[in-house]
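As you go down the protein sequences, you meet chains C and L in turn. My numbering puts the last residue of the first sequence at 376; the count rises by one with no breaks. My numbering puts the last residue of the second sequence at 83; the count rises by one with no breaks.
In case anyone wonders, no lab produced these hints; they're calculated from the structure. The beta-carbon is built from N, C-alpha and C at its ideal position, and this holds for glycine as well. Mixed in with the good hints, there may be bad ones.
Said to hold, decoys possible - Partner residues are not named here, just some residues of chain L that face chain C (Cβ under 8 Å, in silico):
1. D45
2. K47
3. Y50
4. G64
Stated by the list, open to error - Now the in silico label distances, taken between C-beta atoms and shown as ranges:
5. C:F298 to L:S22: 34 to 40 Å
6. C:S318 to L:F15: 43 to 49 Å
7. L:I12 to C:G74: 53 to 59 Å
8. C:T141 to L:I12: 53 to 59 Å
9. C:R98 to L:I76: 42 to 48 Å
10. L:V67 to C:Q30: 48 to 54 Å
11. C:G158 to L:F15: 29 to 35 Å
12. C:K94 to L:N7: 37 to 43 Å
13. L:N7 to C:G74: 35 to 41 Å
14. L:F15 to C:K252: 30 to 36 Å
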Amino acid sequence: MVSDLSKVDLPISKANGLPNSHYVDESIFQKEKEILLFNKWSGVAFSKDIPNNGDALPINFLGFPLLVVRNQDGEVVVFQNICRHRGMILVNEKKNIRGTIRCPYHSWSYNLDGNLRATPHVGGPGQNAHEDINKKELGLTKINSTVYLGVIFVNISGNAEPFEKVNRNLLSRWCEFDKSLFYSNTDSSFILELNCNWKLAVENYCESYHLPWVHPELNIISKLEDHYNIQEKNEFSGQGSYVYRQIEDEGKVFYDFDGLSSKWNEGAEYIAVYPNVLLGVHRDHIFSIILEPINKEFTREHVAIYYAKKESTEATFSQLRKQNFSWWKSVLKEDIFVVEGMQRGRHGKFFDGGRFSPIMDGPTHNFHNWVAKEFI
Amino acid sequence: MITSYSNDDLDIANFELQKAFSENDLETVVNIYRSKAEFDLKAGDEKSAYFLMTQAYIYALEGGFSVAKELKKILILAGREAL
Ligand code: FES
Ligand SMILES: [Fe+2]
Numbered sequence: 001m002v003s004d005l006s007k008v009d010l011p012i013s014k015a016n017g018l019p020n021s022h023y024v025d026e027s028i029f030q031k032e033k034e035i036l037l038f039n040k041w042s043g044v045a046f047s048k049d050i051p052n053n054g055d056a057l058p059i060n061f062l063g064f065p066l067l068v069v070r071n072q073d074g075e076v077v078v079f080q081n082i083c084r085h086r087g088m089i090l091v092n093e094k095k096n097i098r099g100t101i102r103c104p105y106h107s108w109s110y111n112l113d114g115n116l117r118a119t120p121h122v123g124g125p126g127q128n129a130h131e132d133i134n135k136k137e138l139g140l141t142k143i144n145s146t147v148y149l150g151v152i153f154v155n156i157s158g159n160a161e162p163f164e165k166v167n168r169n170l171l172s173r174w175c176e177f178d179k180s181l182f183y184s185n186t187d188s189s190f191i192l193e194l195n196c197n198w199k200l201a202v203e204n205y206c207e208s209y210h211l212p213w214v215h216p217e218l219n220i221i222s223k224l225e226d227h228y229n230i231q232e233k234n235e236f237s238g239q240g241s242y243v244y245r246q247i248e249d250e251g252k253v254f255y256d257f258d259g260l261s262s263k264w265n266e267g268a269e270y271i272a273v274y275p276n277v278l279l280g281v282h283r284d285h286i287f288s289i290i291l292e293p294i295n296k297e298f299t300r301e302h303v304a305i306y307y308a309k310k311e312s313t314e315a316t317f318s319q320l321r322k323q324n325f326s327w328w329k330s331v332l333k334e335d336i337f338v339v340e341g342m343q344r345g346r347h348g349k350f351f352d353g354g355r356f357s358p359i360m361d362g363p364t365h366n367f368h369n370w371v372a373k374e375f376i
Numbered sequence: 001m002i003t004s005y006s007n008d009d010l011d012i013a014n015f016e017l018q019k020a021f022s023e024n025d026l027e028t029v030v031n032i033y034r035s036k037a038e039f040d041l042k043a044g045d046e047k048s049a050y051f052l053m054t055q056a057y058i059y060a061l062e063g064g065f066s067v068a069k070e071l072k073k074i075l076i077l078a079g080r081e082a083l
């Protein structure tokens, strides 16, 4: 199917949104997988998923087998999760590796930096070397990766510009939050299942236009006028709030990040980092969301909350954490019916991509512009 | 450590090995392979010895056991592993 994107690029007051095919067509989904996800920096896991040195987590990202590892120096490294011998999947389930990653098929063994350490019986029984098998050339294939705000990003194609360059404006905008984060294992992550294309979750996240209707409970403390649009061409879009109020329980609040400027006393920002990561920052905690596209009309939304200070993750704060967890979970659940409703709407063949509010829909239009630019 | 292997002893070793694998007790796996390898070496059966020594080495690597170094050295000296 061809997709006509000529209307997407027009100024917002004249533009249409992305055509239906970008949400319901299999060949376009496959093309977007390569162009928008594999060629870019996609979020695939959280740093909290591999807290200890030696932790290894296999991930199937849109069919691509990844192995996310914390090596013995505590750094995150990502490999293609397959053996250089016969292409066997190396690690099948999350585990802690004390020595080498041993392939379960013929036991070629790799260290956590991906170097091939042993090739048992490769030269015949009991003969573990062969002149034609050069271990130095047969290490695991490394996938470029970086960690930002608790999310492990990968560039599968290897062709993207460095993460810091692509996202330089975000990194400088939020430099005050780019520090150690703390995670509480028992009450700080959840997964939502969305019957929609992953892009609809991005689009809904980055606009505030829907807040008074979809999240009516916000109207008193956080009115529409208290929000502003955020849009950086080809990089990200989102919304900010001037009225963030800390969750409190009998005067107790979470600890703040050190050294925040006063802007953040009551400020909060929510940004969709293209393609598939949604982030939110506040004075005392952040959250990170990874949209895992499963197929063209199904997405898994992985949510993790990180705190600014270690103390906030301790038992004395468990009540407050519970409140924070329930708060975000209920807000994010309120969005499910709209992203799923828009997905079903994409099967109405007379829909033309829709028209935007020239004032309110800038962030969504910005995302569509990015998709269109990458796609053409 | 067993110093000679009758058929019964082999059955026992085999049983112990299976048990160790099922319990994911790699340390025991390494020990069983290694002692049988050393026995075979003494008995002059190099073929079997270095096969089993390799098994011991690979599981020692997997477990991150320091004995892996020693086993590697044994294999290198026997011309069974590259530096
Ligand atoms: S496929 Fe991995 S060792 Fe053969
Ligand atoms: Fe929402």
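Review point. So does L:V67 sit 48 to 54 Å from C:Q30, Cβ to Cβ?
Key: Given range 48 to 54 Å: holds, Cβ gap about 49 Å.
Check your understanding: Does the Cβ-Cβ separation between C:F298 and L:S22 fall within 34 to 40 Å?
Key -> Check passed, 38 Å falls within 34 to 40 Å.
Review point. Between C:K94 and L:N7, does the C-beta distance stay in 37 to 43 Å?
Key: holds (42 Å)
Check your understanding: In this structure, is the beta-carbon distance linking C:T141 and L:I12 contained in 53 to 59 Å?
Key -> violated (43 Å)
Exercise for review: Double-check L:G64 for me: the hint is only fine if its C-beta lies closer than 8 Å to a C-beta in chain C.
Suggested key: holds (3 Å)
Review point. Between C:R98 and L:I76, is the Cβ distance one that fits in 42 to 48 Å?
Key: Violated, since C:R98 and L:I76 (Cβ atoms, about 23 Å apart) do not stay within the stated range.
Review point. Taking the least C-beta to C-beta distance, is L:D45 closer than 8 Å to chain C?
Key: violated (11 Å)
Check your understanding: Is 53 to 59 Å right for how far apart the beta carbons of L:I12 and C:G74 are?
Key -> violated (43 Å)
Practice item. Using the beta carbons of C:G158 and L:F15, state whether their distance is inside 29 to 35 Å or not. Key: For C:G158 and L:F15 the Cβ distance comes to about 49 Å; the hint is violated.
Point to revise | Range agreement (Cβ of C:K252 with Cβ of L:F15, hint 30 to 36 Å) | key: Given range 30 to 36 Å: violated, Cβ gap about 59 Å.
Review point. Going by Cβ atoms only, is L:K47 closer than 8 Å to chain C?
Key: holds (6 Å)
Point to revise | Supplied contact hint for L:Y50, tested at 8 Å Cβ to chain C | key: holds (3 Å)
Violation of the numbered hints given earlier is confined to hints 1, 7, 8, 9, 11, 13 and 14; the remaining hints are satisfied by the structure.
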